[in-house]
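**Q** For reference, the chains in residue letters:
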Amino acid sequence: MSRAEASEVSGVSGISEVSEITDVAAGSGTAEVVGVRKPSVLWTLGLLRNELVTTLRRWRTIALLGVLAAVPVLVGIAVKIETSDGGGGGGGGPAFVSQITNNGLFLVFTALAATLPFFLPMAIGVIAGDAIAGEANAGTLRYLLVAPAGRTRLLLTKYATTLAFCVVATLVVAVSALIVGALLFPLGELTTISGTRISFGEGLGRAFLIALIVAASLIGIAALGLFISTLTGSGIAAMATTVGLLITIQILDQIPQLHAIQPYFFSHYWLSFADLMRDPVYWDDLLRNLGLQGLYAAVFGTAAWARFTTKDITA
Amino acid sequence: MAERATVEPDTGSDSGPDSRPETGPDTVIATRALTKRYRGGQLAVDGLDLAVPAGSVFGFLGPNGSGKTTTIRMLMGLIEPTSGTARVLGQPMPRATRTVLPQVGALIEGPALYGFLSGRDNLLRYDSADPTADPRTRRTRVAAALDRVGLTAAGSKKAKAYSLGMKQRLGLAAALLQPRRLLVLDEPTNGLDPQGMREIRSLVRELASDGTTVFLSSHLLDEIEQVCSHAAVMAQGRLITQGPVAELAAGARGRLVVTTPDAGDAARVLKEQGVADVVVEEDRVTGEPPDDRDRDLAEVNAALVSAGVRVRGFGLERASLEDAFVALTGEGFDVAG
Ligand SMILES: Nc1ncnc2c1ncn2[C@@H]1O[C@H](COP(=O)(O)OP(=O)(O)OP(=O)(O)O)[C@@H](O)[C@H]1O
Ligand SMILES: [Mg+2]
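Chains C and L, in that order, are what the protein sequence lines are. Take the first sequence: its letters are residues 0 to 314, numbered as in numbering that gives the first Met the number 0. Take the second sequence: its letters are residues 0 to 336, numbered as in numbering that gives the first Met the number 0.
No lab work stands behind these hints, which were simulated from the structure alone. What you are looking at is a predicted structure, and each value in this text was computed from that prediction instead of being measured. The beta carbon of each residue, even a glycine, is placed where N, CA and C say it ideally should be. It cannot be assumed that every hint is accurate.
[Unchecked claim] Computed spacing ranges between beta-carbons, pair by pair:
#1 L/S208 / C/R59: 43 to 51 Å
#2 L/Y37 / C/L203: 21 to 29 Å
#3 C/I235 / L/G46: 32 to 40 Å
#4 L/T84 / C/V280: 58 to 66 Å
#5 L/G39 / C/L286: 43 to 51 Å
#6 L/G164 / C/D311: 25 to 33 Å
#7 C/W58 / L/E316: 55 to 63 Å
#8 C/D311 / L/D146: 29 to 37 Å
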C-alpha cells in the first residue's frame, strides 16, 4: 500500500496503525523513531479550532466587536434623548427607527440596518483581507505551509473563520441592541410592516432570523476579501483594498445610470432583510440576496483557491 | 510502489511493503537540474544537482544572494521550480508536501512568529497546523520543544517581547515539535549568543546521532567545519562543489610555511625544489608544496638545510574550510547582482 493510499484509508488514527508504519520506516535504515505519521480527519480540524480561538482572542477582533456593540448603544441613547425632548421626531433615519420608542425589539432591526451598509462589512473586510496577506506579511505563512497546513485546507480554514466572524459580529450587534432596547424601551407585541400584529416571542424569532440573513449577506464580501488577500503580501493593503471596494460599490449602487449592473453588486439586496418583517414574508429579494452571495462565494472562492494554490510563497 | 518492491532488492527483512524512496534509501534530498527564475527575471538557482546523503549533517554554503534560501524554499514546496526536479525523502516536491513535510522540520530565512501570541501559543498553533500531529500529546510535545531550546521560563511571554536570539530559539523549537527524519535549518545560529550556538551545535550532533539528517545553511564556516559531515558550495545560483567536508577542505591545498631569517635564500631553494607561488613576508616564506608532498617535503627541508638556510619553522598550514570557500567563491566582497 502506498503512503498516499494509506493516508486516505485512515480515518481516525489508531495506535496500531502508527506502530505498523514505524516498522516500515525502521526497515529503510535511518531514524527508527520516526514513523510516517498519518493525518486524521479529526486532527485536520485542529487548525480550524486554533484559528477560531486565535482570531477571537485577538485584541484587534475584540476592538472591532466593541465598535459594533457600541452602535446600538449610541442609536438607543440618541432615540431616547430625541423622544424625551417631546414628540416623535418625524421620519428619516434608518429603517424602523420611529418604532423603537414603542418597542425596544425594533432597536435590533434598526441597529442591523444601521451597521449592515458599512460597519459590519468593514469589520469583515478587515478579517478577510488580513486572512492570508497578514500571515504572508508576518512570514508565518511559510511556517504554516511547511507544518504542513496544506494550501487548500488553510484557505478553507481562513474562509470558515471569516464566516464564523460574520455570524459572531452580527450577533454582537443584535444582542447588544436587544439588551439596550430592553433597558431603555418597553417590550411587547409588535406591528409588522404589513400592519399585522405578532407576539413578542415571534418577533424575537424573526429578529434572530434577520440576524442570520444579515450574517449571510456578508458571505460575498468575505469571499472577495479573501481573494484580495491572496493577491498581496501586505495585510494592510488587502484590508484597505477590500474596504475601499466596499465603499465604491456602495456609491455605485446609488447611481441610477448603472441600474443595469447594480443587481450584481454584492450589496444590492442587503436591505431586503426588512422583508422578513412583512406578513406574509416577501421572499423574492431575500432569495435573490442569498443567491448572489452564493455566486460571489463560488466565483471569488474559486479565484482565491486558484491563486493561492499556485502562488510562490516568498515572504 | 508495489511494482518497485519487486525490482529493488529487499534489504529490510521484516519491513513488509517497500517504502523506500525512488532515488535509493541513501539520498534524503536529491535535485536534478533544479532551476528557479523569479518573476523579475532574476536567475536565483541555476541547474542545481544536489545529493544529500541520509544521516549526514550537510552544510549548505554560499555568499549572500547565491540562492541558498531559494533552494530551500523549492525543497519545502513553497515555490515552484522554473525547471528541474526536487525529491525530498524520496518523494517529488512540491507534489508530495502532505506526506513529506510532517517528517521535516524547517527553519527558513529566520523565524516568523505571531507577536500577539505567547511563545507557547505560537508552538501550539504551528503544531495544530500539522494534520498528523496528535492533539492529545500536543501540550507535552510543545513543552518538550520549549525545554529543548531553553525557553521554558519565557514560554508564557508574548513573542513580540522576545529578543532576536529568543525568536530564533522559538523557531527552532517549532522545527523540533515532532521527531523528524530531516531538519532543514537556514542559518540556525543567526542572532544566538555563544551559549546558544554551542547548544545548537550539540543539538545538531545529538539529532544526527539519532539518525536525523540535518541540512543547514550558514555563513559561519568554522561552525560548519565543526558539525558538518558533508557540504556543498553555491555561488551565483550554481553549485560549485559538494562532498564530504574533509575532502573539500583538503581540496584547497595547504600551504608550505618556512620561517627563517634567510628568507631570500629560502625562497630561491624552494623554487628550485618545485614549490610554486612562493611568497616572502619578512621571515616567513610560503608556497604551494609540490604535488607529491608526503614524499618530497622532507627532501625540501633537507635541501634548505644543506643550502645553509637557517630553518626555524617548517610545516604545512592546513587549509581551513574558509580557505576552501574563498578559493571557490572568490575574494570579492560585493554581492552579485
Ligand atoms: N522574492 C524574490 N523575487 C526576486 N528575486 C529574489 C527573491 N528572493 C530572492 N531573490 C534573488 O535571488 C537570489 C538568491 O537569493 P537567496 O535568498 O536564495 O540567497 P541566499 O543564498 O539565501 O542569500 P543569504 O546568504 O543572504 O541568505 C538573489 O539574487 C536575490 O536577489
Ligand atoms: Mg538566505
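**Q** All hints are to be evaluated individually against the structure, with a verdict given for each.
**A** Against the structure, the hints come out as follows:
1. L/S208 / C/R59: 43 to 51 Å: Because 45 Å falls inside the window, the suggested range holds.
2. L/Y37 / C/L203: 21 to 29 Å: violated (58 Å)
3. C/I235 / L/G46: 32 to 40 Å: holds (39 Å)
4. L/T84 / C/V280: 58 to 66 Å: holds (60 Å)
5. L/G39 / C/L286: 43 to 51 Å: Taking Cβ atoms as reference, L/G39 and C/L286 lie about 48 Å apart, which means the hint holds.
6. L/G164 / C/D311: 25 to 33 Å: holds (30 Å)
7. C/W58 / L/E316: 55 to 63 Å: holds (59 Å)
8. C/D311 / L/D146: 29 to 37 Å: With Cβ atoms ~36 Å apart, the hint holds.
Of the numbered hints given earlier, the model fails hint 2 alone.
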